[in-house]
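To convert, take the position in the sequence shown, counting from 1, and add 300; that gives this note's numbering.
Calculated directly from the structure, the hints in this document are not laboratory data. As the structure is a prediction and not an experimental result, all values here were calculated from the model. Among the hints, a few may not be true.
[Stated by the list, open to error] Below, computed lysine to any residue pairings styled on SDA-like, alpha-carbon distance capped at 25 Å: (1) Lys-504 x Cys-539; (2) Lys-460 x Gly-389; (3) Lys-489 x Lys-591; (4) Lys-591 x Asp-512; (5) Lys-606 x Gly-493; (6) Lys-353 x Phe-310; (7) Lys-489 x Cys-539; (8) Lys-355 x Lys-460; (9) Lys-355 x Asp-414.
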Amino acid sequence: MFVGLKLPAFLDKFNGRGFVYLDSSQANWILSPLPISSPSSAIGATVKDLYSKDKETLKIAYNDDWPDTHKANGGRGHSKGVAVANLEGGFWLIHSVPNFPPITWKKVLTAKYDYPESGTKFAQSLFCISFDVDALPAISQYMRYAQVTPFIANLPQSIKLLAPYFDDVIHRRSLSRGETVFTFSKTIKTRQGVDVTIFSKHKKFGEDLWHDFIAPSLKTSLAVETWRNGAAQDIGSQCGDGANVYDVTQVQLPSGSFSSSKDHSKWGVSMNESMPYSCIGDINRQASQFKRGGGAACIQSKTLWKTLHNSVLSFEACKINKKKTEGALKKNVLNQS
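Working from the sequences, and respecting the hints, build out all of it.
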(Lines of atoms letter the chains of each structure in order from A and count residues from 1; the text may use other names and numbers.)
(Lines give C-alpha, C1' and ligand atoms only; values in the text may rest on other atoms or scores of the structure.)
Protein backbone atom coordinates (compact mmCIF):
# COMPACT_ATOMS: atom_id res chain seq x y z
CA MET A 1 0.00 0.00 0.00
CA PHE A 2 1.30 3.45 -0.86
CA VAL A 3 0.12 6.99 -1.59
CA GLY A 4 1.66 9.14 -4.32
CA LEU A 5 1.26 12.80 -5.23
CA LYS A 6 2.52 13.82 -8.65
CA LEU A 7 4.04 17.29 -8.60
CA PRO A 8 2.76 20.18 -10.71
CA ALA A 9 5.04 20.86 -13.67
CA PHE A 10 6.45 24.14 -12.38
CA LEU A 11 7.88 22.40 -9.28
CA ASP A 12 9.35 19.45 -11.10
CA LYS A 13 12.67 18.66 -12.81
CA PHE A 14 10.93 15.87 -14.75
CA ASN A 15 8.62 18.29 -16.61
CA GLY A 16 5.49 17.36 -14.71
CA ARG A 17 6.36 13.70 -14.22
CA GLY A 18 8.03 13.85 -10.82
CA PHE A 19 6.21 12.57 -7.75
CA VAL A 20 6.49 12.00 -4.03
CA TYR A 21 5.25 8.87 -2.31
CA LEU A 22 4.73 7.38 1.12
CA ASP A 23 4.32 3.77 2.23
CA SER A 24 4.01 2.02 5.58
CA SER A 25 7.78 2.05 6.12
CA GLN A 26 8.19 5.83 5.82
CA ALA A 27 7.37 8.80 8.04
CA ASN A 28 7.62 11.55 5.41
CA TRP A 29 7.20 12.13 1.70
CA ILE A 30 9.98 10.62 -0.41
CA LEU A 31 10.83 12.22 -3.75
CA SER A 32 10.97 9.46 -6.36
CA PRO A 33 14.33 9.27 -8.15
CA LEU A 34 12.44 8.14 -11.26
CA PRO A 35 9.67 9.98 -13.12
CA ILE A 36 6.16 8.55 -13.01
CA SER A 37 6.52 7.75 -16.73
CA SER A 38 9.26 5.20 -16.01
CA PRO A 39 8.20 1.52 -16.04
CA SER A 40 10.58 1.07 -13.08
CA SER A 41 8.94 3.75 -10.91
CA ALA A 42 6.68 2.73 -8.03
CA ILE A 43 3.63 3.43 -10.20
CA GLY A 44 5.00 1.89 -13.39
CA ALA A 45 6.19 -1.28 -11.66
CA THR A 46 2.70 -1.73 -10.21
CA VAL A 47 0.62 -1.03 -13.31
CA LYS A 48 2.79 -3.28 -15.52
CA ASP A 49 0.65 -6.27 -14.47
CA LEU A 50 -2.18 -4.72 -16.49
CA TYR A 51 -0.27 -5.68 -19.66
CA SER A 52 -0.10 -9.37 -18.79
CA LYS A 53 -1.44 -11.85 -21.35
CA ASP A 54 -2.81 -14.07 -18.59
CA LYS A 55 -6.49 -14.69 -19.37
CA GLU A 56 -7.12 -15.95 -15.83
CA THR A 57 -6.32 -12.53 -14.35
CA LEU A 58 -8.95 -9.87 -13.68
CA LYS A 59 -7.90 -6.65 -15.41
CA ILE A 60 -9.94 -3.46 -15.30
CA ALA A 61 -8.77 0.04 -16.22
CA TYR A 62 -11.46 2.71 -15.99
CA ASN A 63 -11.44 6.44 -16.61
CA ASP A 64 -14.12 9.00 -17.39
CA ASP A 65 -11.56 10.56 -19.77
CA TRP A 66 -10.31 7.70 -21.96
CA PRO A 67 -6.71 7.60 -23.22
CA ASP A 68 -7.59 6.77 -26.82
CA THR A 69 -10.39 9.27 -27.50
CA HIS A 70 -9.46 11.95 -24.94
CA LYS A 71 -13.18 12.65 -24.64
CA ALA A 72 -14.74 12.91 -21.20
CA ASN A 73 -17.84 10.83 -20.43
CA GLY A 74 -20.05 13.25 -18.50
CA GLY A 75 -22.97 10.87 -18.09
CA ARG A 76 -21.20 8.28 -15.95
CA GLY A 77 -19.01 8.34 -12.87
CA HIS A 78 -16.18 10.82 -12.43
CA SER A 79 -13.98 7.82 -11.60
CA LYS A 80 -10.46 6.71 -12.43
CA GLY A 81 -8.63 3.53 -11.47
CA VAL A 82 -6.86 0.29 -12.32
CA ALA A 83 -7.47 -3.12 -10.72
CA VAL A 84 -5.62 -6.37 -11.40
CA ALA A 85 -6.24 -9.60 -9.45
CA ASN A 86 -6.27 -13.38 -9.47
CA LEU A 87 -7.51 -15.89 -6.89
CA GLU A 88 -4.62 -15.00 -4.58
CA GLY A 89 -5.37 -11.26 -4.51
CA GLY A 90 -4.19 -8.21 -6.37
CA PHE A 91 -3.90 -4.43 -6.38
CA TRP A 92 -6.24 -1.50 -6.89
CA LEU A 93 -4.98 1.94 -7.89
CA ILE A 94 -7.38 4.84 -7.33
CA HIS A 95 -6.13 7.98 -9.07
CA SER A 96 -7.03 11.37 -10.53
CA VAL A 97 -5.15 11.28 -13.86
CA PRO A 98 -7.12 11.75 -17.11
CA ASN A 99 -6.15 9.49 -20.05
CA PHE A 100 -4.22 7.13 -17.76
CA PRO A 101 -2.80 4.59 -18.35
CA PRO A 102 -2.19 5.66 -21.98
CA ILE A 103 -3.09 2.43 -23.77
CA THR A 104 -6.01 1.49 -25.96
CA TRP A 105 -8.26 -1.53 -25.96
CA LYS A 106 -6.82 -3.06 -29.14
CA LYS A 107 -3.18 -2.45 -28.19
CA VAL A 108 -3.30 -3.52 -24.55
CA LEU A 109 -1.24 -6.69 -25.12
CA THR A 110 1.58 -4.89 -26.93
CA ALA A 111 1.56 -1.39 -25.42
CA LYS A 112 4.24 -0.29 -23.00
CA TYR A 113 3.60 1.62 -19.80
CA ASP A 114 3.90 5.41 -20.00
CA TYR A 115 2.34 8.55 -18.53
CA PRO A 116 0.12 10.89 -20.58
CA GLU A 117 1.25 14.39 -21.50
CA SER A 118 -2.23 15.60 -20.52
CA GLY A 119 -1.50 14.67 -16.90
CA THR A 120 1.72 16.64 -16.51
CA LYS A 121 0.65 20.26 -15.89
CA PHE A 122 -1.25 19.83 -12.63
CA ALA A 123 -0.63 17.86 -9.43
CA GLN A 124 -2.33 14.44 -9.28
CA SER A 125 -3.05 11.83 -6.58
CA LEU A 126 -2.66 8.04 -6.60
CA PHE A 127 -3.49 5.45 -3.92
CA CYS A 128 -2.41 1.84 -4.40
CA ILE A 129 -4.04 -0.85 -2.24
CA SER A 130 -2.89 -4.48 -2.22
CA PHE A 131 -5.61 -6.90 -1.15
CA ASP A 132 -6.51 -10.55 -0.68
CA VAL A 133 -9.08 -12.15 -2.93
CA ASP A 134 -11.93 -11.82 -0.41
CA ALA A 135 -11.95 -8.03 -0.99
CA LEU A 136 -13.07 -8.41 -4.62
CA PRO A 137 -16.87 -8.49 -4.01
CA ALA A 138 -16.69 -5.16 -2.16
CA ILE A 139 -14.46 -3.59 -4.80
CA SER A 140 -16.88 -4.66 -7.54
CA GLN A 141 -19.77 -3.06 -5.65
CA TYR A 142 -17.77 0.15 -5.22
CA MET A 143 -17.22 0.31 -8.98
CA ARG A 144 -20.86 -0.54 -9.70
CA TYR A 145 -22.21 2.30 -7.56
CA ALA A 146 -19.62 4.75 -8.86
CA GLN A 147 -20.63 3.89 -12.44
CA VAL A 148 -17.05 3.55 -13.62
CA THR A 149 -16.33 3.44 -17.36
CA PRO A 150 -13.87 0.63 -18.20
CA PHE A 151 -11.71 0.92 -21.31
CA ILE A 152 -9.79 -2.30 -20.58
CA ALA A 153 -11.56 -5.32 -19.11
CA ASN A 154 -10.83 -9.01 -18.71
CA LEU A 155 -13.07 -11.00 -16.37
CA PRO A 156 -12.14 -14.68 -15.94
CA GLN A 157 -14.92 -17.06 -14.94
CA SER A 158 -13.24 -17.83 -11.61
CA ILE A 159 -13.42 -14.15 -10.57
CA LYS A 160 -16.92 -13.73 -12.00
CA LEU A 161 -18.20 -16.53 -9.75
CA LEU A 162 -16.59 -14.89 -6.73
CA ALA A 163 -17.58 -11.28 -7.51
CA PRO A 164 -20.42 -11.33 -10.08
CA TYR A 165 -20.97 -7.56 -9.99
CA PHE A 166 -17.80 -7.12 -12.05
CA ASP A 167 -19.90 -8.32 -14.98
CA ASP A 168 -22.30 -5.41 -14.38
CA VAL A 169 -19.34 -3.04 -14.13
CA ILE A 170 -17.81 -4.16 -17.42
CA HIS A 171 -21.13 -4.05 -19.28
CA ARG A 172 -22.14 -0.75 -17.62
CA ARG A 173 -25.41 -2.05 -16.26
CA SER A 174 -27.40 0.35 -14.11
CA LEU A 175 -28.72 -0.27 -10.62
CA SER A 176 -32.18 -1.82 -10.56
CA ARG A 177 -35.10 0.58 -10.90
CA GLY A 178 -36.31 -0.43 -7.47
CA GLU A 179 -33.04 0.57 -5.78
CA THR A 180 -33.48 3.17 -3.04
CA VAL A 181 -29.94 3.35 -1.63
CA PHE A 182 -27.40 5.14 -3.80
CA THR A 183 -24.25 4.91 -1.70
CA PHE A 184 -21.93 2.05 -0.86
CA SER A 185 -19.33 1.63 1.87
CA LYS A 186 -17.38 -1.35 3.14
CA THR A 187 -14.20 -1.96 5.11
CA ILE A 188 -11.67 -4.23 3.40
CA LYS A 189 -8.19 -5.25 4.51
CA THR A 190 -4.90 -4.78 2.74
CA ARG A 191 -2.48 -7.69 2.56
CA GLN A 192 -0.65 -6.05 5.46
CA GLY A 193 -3.84 -6.24 7.56
CA VAL A 194 -4.64 -2.51 7.40
CA ASP A 195 -8.34 -1.59 7.36
CA VAL A 196 -9.41 0.48 4.34
CA THR A 197 -12.96 1.83 4.21
CA ILE A 198 -14.16 2.41 0.66
CA PHE A 199 -16.96 4.84 -0.18
CA SER A 200 -18.75 5.32 -3.49
CA LYS A 201 -21.87 7.12 -4.62
CA HIS A 202 -24.21 6.74 -7.56
CA LYS A 203 -25.30 9.83 -9.46
CA LYS A 204 -28.81 9.47 -8.00
CA PHE A 205 -27.39 10.21 -4.55
CA GLY A 206 -27.44 13.84 -5.68
CA GLU A 207 -25.06 15.10 -2.99
CA ASP A 208 -21.37 15.78 -2.40
CA LEU A 209 -19.36 12.62 -1.65
CA TRP A 210 -17.06 14.29 0.87
CA HIS A 211 -19.45 16.41 2.95
CA ASP A 212 -22.64 14.38 2.69
CA PHE A 213 -21.28 10.83 2.87
CA ILE A 214 -17.65 10.42 3.96
CA ALA A 215 -17.39 13.05 6.72
CA PRO A 216 -20.61 12.02 8.54
CA SER A 217 -19.74 8.33 8.12
CA LEU A 218 -16.30 8.84 9.68
CA LYS A 219 -17.79 11.31 12.21
CA THR A 220 -15.00 13.80 11.72
CA SER A 221 -14.33 17.08 9.94
CA LEU A 222 -12.11 16.97 6.86
CA ALA A 223 -9.79 19.23 4.90
CA VAL A 224 -10.28 18.23 1.27
CA GLU A 225 -8.17 19.00 -1.79
CA THR A 226 -9.95 18.62 -5.14
CA TRP A 227 -10.09 20.37 -8.50
CA ARG A 228 -11.38 23.95 -8.23
CA ASN A 229 -10.78 25.19 -11.78
CA GLY A 230 -12.95 25.43 -14.85
CA ALA A 231 -16.49 26.65 -15.36
CA ALA A 232 -18.07 24.35 -12.75
CA GLN A 233 -19.31 25.99 -9.56
CA ASP A 234 -17.25 25.19 -6.46
CA ILE A 235 -19.21 24.05 -3.41
CA GLY A 236 -16.88 25.77 -0.95
CA SER A 237 -16.22 24.89 2.68
CA GLN A 238 -19.28 23.65 4.57
CA CYS A 239 -19.75 23.92 8.32
CA GLY A 240 -22.34 23.84 11.06
CA ASP A 241 -23.49 20.22 11.13
CA GLY A 242 -20.80 18.50 13.22
CA ALA A 243 -18.71 17.14 10.34
CA ASN A 244 -17.31 20.20 8.61
CA VAL A 245 -15.53 19.98 5.27
CA TYR A 246 -12.96 22.63 4.40
CA ASP A 247 -11.60 23.20 0.90
CA VAL A 248 -7.80 23.22 0.83
CA THR A 249 -6.40 26.30 -0.92
CA GLN A 250 -2.61 25.78 -0.61
CA VAL A 251 -0.56 22.56 -0.51
CA GLN A 252 2.97 22.18 0.91
CA LEU A 253 5.27 19.42 -0.32
CA PRO A 254 9.05 18.98 0.16
CA SER A 255 9.78 20.58 -3.22
CA GLY A 256 7.62 23.65 -2.56
CA SER A 257 4.08 24.93 -2.18
CA PHE A 258 1.32 25.49 -4.72
CA SER A 259 -2.29 26.63 -4.84
CA SER A 260 -5.31 24.46 -5.54
CA SER A 261 -5.45 26.08 -9.00
CA LYS A 262 -2.37 23.97 -9.84
CA ASP A 263 -3.83 20.76 -8.43
CA HIS A 264 -6.03 18.07 -9.94
CA SER A 265 -5.66 15.72 -6.93
CA LYS A 266 -8.58 14.43 -4.87
CA TRP A 267 -7.70 13.71 -1.26
CA GLY A 268 -8.85 14.55 2.24
CA VAL A 269 -7.48 14.42 5.77
CA SER A 270 -9.28 14.64 9.11
CA MET A 271 -8.89 17.77 11.21
CA ASN A 272 -8.68 15.75 14.43
CA GLU A 273 -5.49 13.85 15.31
CA SER A 274 -7.45 11.50 17.57
CA MET A 275 -9.25 10.26 14.43
CA PRO A 276 -6.34 10.12 11.96
CA TYR A 277 -8.21 9.43 8.71
CA SER A 278 -6.72 9.99 5.27
CA CYS A 279 -8.75 9.54 2.09
CA ILE A 280 -7.82 9.48 -1.59
CA GLY A 281 -10.49 9.51 -4.27
CA ASP A 282 -11.48 10.58 -7.75
CA ILE A 283 -14.36 13.07 -7.51
CA ASN A 284 -14.37 16.85 -6.99
CA ARG A 285 -16.23 19.16 -4.65
CA GLN A 286 -18.12 21.00 -7.37
CA ALA A 287 -21.87 21.34 -7.84
CA SER A 288 -21.82 19.56 -11.20
CA GLN A 289 -20.52 16.44 -9.45
CA PHE A 290 -23.68 16.04 -7.38
CA LYS A 291 -25.04 14.17 -10.42
CA ARG A 292 -21.91 12.09 -11.04
CA GLY A 293 -20.77 8.85 -9.47
CA GLY A 294 -17.39 8.63 -7.75
CA GLY A 295 -15.62 7.45 -4.65
CA ALA A 296 -12.68 7.39 -2.27
CA ALA A 297 -10.78 5.01 0.00
CA CYS A 298 -9.96 6.00 3.59
CA ILE A 299 -7.55 4.60 6.18
CA GLN A 300 -6.67 5.34 9.79
CA SER A 301 -2.89 5.78 9.90
CA LYS A 302 -1.12 8.28 12.14
CA THR A 303 1.89 8.32 9.82
CA LEU A 304 -0.07 9.07 6.66
CA TRP A 305 -2.38 11.43 8.55
CA LYS A 306 0.52 13.49 9.88
CA THR A 307 2.15 13.68 6.46
CA LEU A 308 -1.04 14.72 4.65
CA HIS A 309 -2.14 17.04 7.45
CA ASN A 310 1.23 18.80 7.30
CA SER A 311 0.75 19.13 3.55
CA VAL A 312 -2.29 21.38 4.08
CA LEU A 313 -0.77 24.87 4.05
CA SER A 314 -4.11 26.71 4.09
CA PHE A 315 -7.82 26.10 3.66
CA GLU A 316 -10.95 28.13 3.02
CA ALA A 317 -12.91 29.31 6.05
CA CYS A 318 -16.63 28.65 6.15
CA LYS A 319 -19.03 31.31 4.97
CA ILE A 320 -22.06 32.56 6.88
CA ASN A 321 -25.38 31.03 5.72
CA LYS A 322 -23.57 28.10 4.19
CA LYS A 323 -26.73 25.97 4.32
CA LYS A 324 -28.54 28.57 2.23
CA THR A 325 -25.69 28.60 -0.27
CA GLU A 326 -25.69 24.79 -0.45
CA GLY A 327 -29.42 24.79 -1.19
CA ALA A 328 -28.91 27.26 -4.02
CA LEU A 329 -26.17 25.07 -5.49
CA LYS A 330 -28.39 21.99 -5.49
CA LYS A 331 -31.28 23.94 -7.04
CA ASN A 332 -28.95 25.16 -9.77
CA VAL A 333 -27.76 21.60 -10.49
CA LEU A 334 -31.34 20.32 -10.72
CA ASN A 335 -32.21 23.12 -13.14
CA GLN A 336 -29.29 22.06 -15.34
CA SER A 337 -30.26 18.36 -15.35
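Now the hints, each set against the structure:
Among the hinted pairs, Lys-504 with Cys-539 is consistent with the structure: their alpha-carbon atoms are about 24 Å apart, no more than 25 Å. Restraint check for Lys-460 and Gly-389: satisfied, since their Cα atoms lie roughly 14 Å apart, inside the 25 Å limit. The suggested pairing of Lys-489 with Lys-591 is violated, with an alpha-carbon distance near 30 Å, which exceeds 25 Å. The suggested pairing of Lys-591 with Asp-512 holds, with an alpha-carbon distance near 13 Å, which does not exceed 25 Å.
At roughly 20 Å between alpha-carbon atoms, Lys-606 and Gly-493 fall within 25 Å of each other, so this suggested pair holds. Restraint check for Lys-353 and Phe-310: the C-alpha separation of about 38 Å exceeds 25 Å, so the hint is violated. A threshold of 25 Å between alpha carbons decides the hint, and for Lys-489 with Cys-539 the separation of about 32 Å lies outside it, so the pair is violated. Among the hinted pairs, Lys-355 with Lys-460 is consistent with the structure: their alpha-carbon atoms are about 13 Å apart, no more than 25 Å.
With a CA separation close to 23 Å, the supplied pair Lys-355 and Asp-414 stays within the 25 Å bound.
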